[in-house]
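According to my numbering, the sequence shown is numbered sequentially starting from 298.
It should be emphasised that the hints constitute simulated quantities derived from the structure, not laboratory data. A couple of the hints might just be wrong.
[Stated by the list, open to error] Distance windows between CB atoms, simulated: (1) D300 / P350: 35 to 45 Å; (2) L311 / S347: 16 to 26 Å; (3) K309 / W348: 17 to 27 Å; (4) P350 / G323: 17 to 27 Å.
Glycine residues also receive a C-beta, built at the ideal position from the N, C-alpha and C atoms.
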Amino acid sequence: MIDVHHGRLLAKHLEPGVVEFIDGMGHAPIMDRVPWMNRWLADRIATVESWNP
Numbered sequence: 298m299i300d301v302h303h304g305r306l307l308a309k310h311l312e313p314g315v316v317e318f319i320d321g322m323g324h325a326p327i328m329d330r331v332p333w334m335n336r337w338l339a340d341r342i343a344t345v346e347s348w349n350p
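Make a model of the complete structure from these sequences and hints.
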């Protein structure tokens, strides 16, 4: 796990990718918040699929 400062630096280099900083979120959202993670993944997949109709 990286600290917030380094996370923000990494996020800057990932642009225009999707980066979210969520208070209280652990480093394993797939285990901590399963329904949220499923929606998040579905949104990301739908976005990528829309690039190549």
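Worksheet item: Does the structure break any of the earlier hints, and which numbers would those be?
Response: 4
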